[in-house]
Amino acid sequence: MKQIVIISGKGGTGKTVIAGAFAALAKDKVMADCDVDAADLHLLLDPEIKQSHIFSSGVTAFTHKELCEGCGACRIVCRFDAIREDFTIDPISCEGCGFCSLVCPQNAIEMKINTSGKWFVSDTRFGPLVHARLGIAEENSGKLVSLVRQKAKEIAEEKNYRWVIIDGSPGIGCPVIASISGVDCAVVVVEPTLSGLHDAERVVDVTRHFNIPVKVIINKYDLNCDMTEKIECWSKDKNIQVLGKIIFDEAVVKSVVEGKTIIEYSNNQVAKTLRTIWRLIEEELERTN
Amino acid sequence: MKVAITSSGPTLQSNVDPRFGRCPYYIIYDTEDGSFKAVENKSSLAAGGAGIQAGQNISDMKVEAVITGNVGPNAFRVLSAASIKIYSGATGSVKDAIDKFKNGEYKETAGPDVESHFGMGRK
Amino acid sequence: MIISVASGKGGTGKTTIAVNLALSLSDVQLLDCDVEEPNCHIFIKPVFKSRNAVFIPVPVVNQNKCDGCGRCQEVCVYNAVVVVNKKVLLFPELCHGCGSCTYFCPHKAIEEEKKEIGVIEIGKNGETQFVHGKLNIGMMMSPPVIRAVKKHINRKKTVIIDAPPGTSCPVITAIKDTDFVILVTEPTPFGLNDLSLAVEVVRKLGISFGVIINRSDLGNKKTDEYCAAENIPVLMRIPFSKKIAEIYSRGDSIVKVLPEYREKFQELYKKIEQNKNQPGIK
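Protein chains in written order, with the numbering used here: chain A, 1 to 289; chain B, 1 to 123; chain C, 1 to 282.
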C-alpha cells in the first residue's frame, strides 16, 4: 500500500484538480482531503457521508463573571492577548494553556472542551473519502489532519487497497507537515511563476527536512515557458524528477464547474498528460517495494 | 518482571502493532507467573505527544521492557529516562513475540527507529 | 486605515491585489503576513534595511534545582513537559510558550530560553514601506511570526496586509484588528466554497469586508448570486487575461506594465473608504 500526497507551497496551483484526476485513474484507493480549513475535493467527488464524528482539539478558557473579582491576575499571565479588559476571554486568541485558570484566586475561569470541527468517512464513485471540516476560526495545528490521515490509512489496510491519495493544503506549517508525514511520495505542483517557484522551493525544503521522497508536476506550463524552463533546471539541480508538464486549458475550470474530474470531462491534452503522469507514478512506486 | 507488547487487539493471538505511541492496546505480560492483561491505549488519539503520554503510562505501570514494531524519538526519550528496555522490530502474534523474548531472540534497541509522527499514517 | 487582503482559497490573487493597491496609493506600508510563503517582495523588490530574528520562549530545566516533584507536568496541557524517574524531559516542538511550567515550579528550576522560529525583514522601494516575515523551514506555527510583523504597523500610513490563504489561525492572526478585509475569490465552485468559509470568519471577527472577483469570466454566476444574496459588495472584477498572468509570472506588477490599472486600484480604495463603516456589512 502506497501513500501519495499532493502539495504545492503556493495556493491555487491545481492540487485538488490533480488529486481528483488521480482518484479517477488509480485502482483500489482511499482518498483523503487534508486541506481541512478550506476543503474542496468533495466538490469533485460528490460524497455520500456514511460516518460523521466530532473533533475536539483541546480546551478554551471561559470566565464565570459572577465569580470574578477583577484582580487582573489572568491578564498579567496570559501571553496570547486572549483576556479582554472586562476579564472575559476572547476564544479566538485563547490557546487553551490553562495558565489563567490556575492563577485565578476565585476559580472563576473554567477550561471548556472545544468542539473544533467534524470529520467524515464517505462513499464516492471512486471509493472511500475521508474528509473534515475545521470549525470557523479554530486552531489548525495539524491534529485534525493527522486524524484524517490515520483513518484513511486504516480503511486502506482493512480493505487491502493499494493507494491512499492525499489532497494537501498550501503553506509549510504543521497542517502540511502532518499531511506529508510518512508518505511514500510527495508530489509538488508548481505553476510557472516566480511566486510559484519561490514557494515550491520552500515546500521542497520541508520535504527534505523530513526525508520525504518528492517529485514535481509543472501545471499551466505554457503561461510562461521561460519560467517553466527555470523550474526544470531547478528540479534537475535538486535531483527531483519532473513527472510531467500540463498545459493551461479553460476546460479544466469548466470541469470543476460541472463537478467532474478532468479525466471524466474530456480526453483533452490535460487529461492525457495526467494519465501519463499517473502511469509513471504507478511504475515508480510499485518498483520501490 | 512485567513486559509491555504493543498490540492490535486484546488477546495473545492479536498481532504485534508496529506503533508504540498509537497502538490500540498494550498486552502487559508478567514473566514470573505467565499472567497477562490487555490495557487500552488512551494516548492513541492524543493530539501531540502520543508517544510521550504512552511512555509515561507504561512507566507508571512499572513495566521493565517494551516489545514493539517501532519507537519514535519522543517515546524513546521517555522510555530511556525511565530505564525501560526497548526491543523493536517485532512482528507476528503477541504470543510469538513473548516466546521469542523469553528465548532471548530480541536485541535491545539503541535508538529510535522512526521519525516522529510515524504512527500517523505511515505503512 | 488598515486594509487586509484574504481569501479562503489559495491562488485567487491576494498578493496581486495587495501589491497593486499598495503601488497605486501614496504614503503606504505593505506588510506581507503570509509568513509560510511570502511573495510580495518578488513584486515590490524592496531594498531591505534590517533583519531581525523572531523568537518564542521555550523552557529549560536546571536539573540541580529540580527534585522531580512533577508540578510542571501537571500544569502542561501539551505534553511538552514530562517527569520520568524524577527527571524532567522537555519536548520543545510541542511547547506553546505559555510560561505555566516556569511559573509554577516550586523550586524555580525552570527558566525560559529563546528559540528562533523565523525572521522579519524591513525595507522600502520608493514611497512604499515594506515588512515581511518568513517562518523557518520545519517550524510548525506561523502566528508568532505574523504577530511580529504586525508589531511594525505604522498607523500614520495606509497599511495593507497580505494575509495567508485558508480560514484558520494564521489568517485570523493576520486580519484581526484591521479596519477592512478584502476577500479575493474566483467564480468557481472551489472559490465559492472557500469564500463562504472566509465570510464566516470575517463576520465572526466583526470586521467590514467586500469581495473582489478575479478571473471573473472563468467560471459561473453563482459567486455573484451569493454576494447579492448576502448583501456583500463586489468591489472590483478582473477578467482573466493571459497578459496579466504573464506579467505576474515574471514578478512584475500590473500597474507598472498597464498603467490604466492604477486608476482602477485608486477607485478600489475609494470604494473601501465608502464601505468601511457600513453597518449592513458587519
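Think of the hints as simulated: they come from the structure by calculation, not from any bench.
Yeah, the Cβ is synthetic: ideal placement off N, Cα and C, and Gly gets one too.
Treat the hints with care, as some may be off.
What the hints assert, rightly or not - These stretches of chain C come out as covered by chain A in the derived footprint (C-beta under 8 Å, 3 or more residues): (1) 31-40; (2) 63-73; (3) 92-104.
Q | Numbers of the earlier hints that this structure fails to satisfy, in rising order | A | 2
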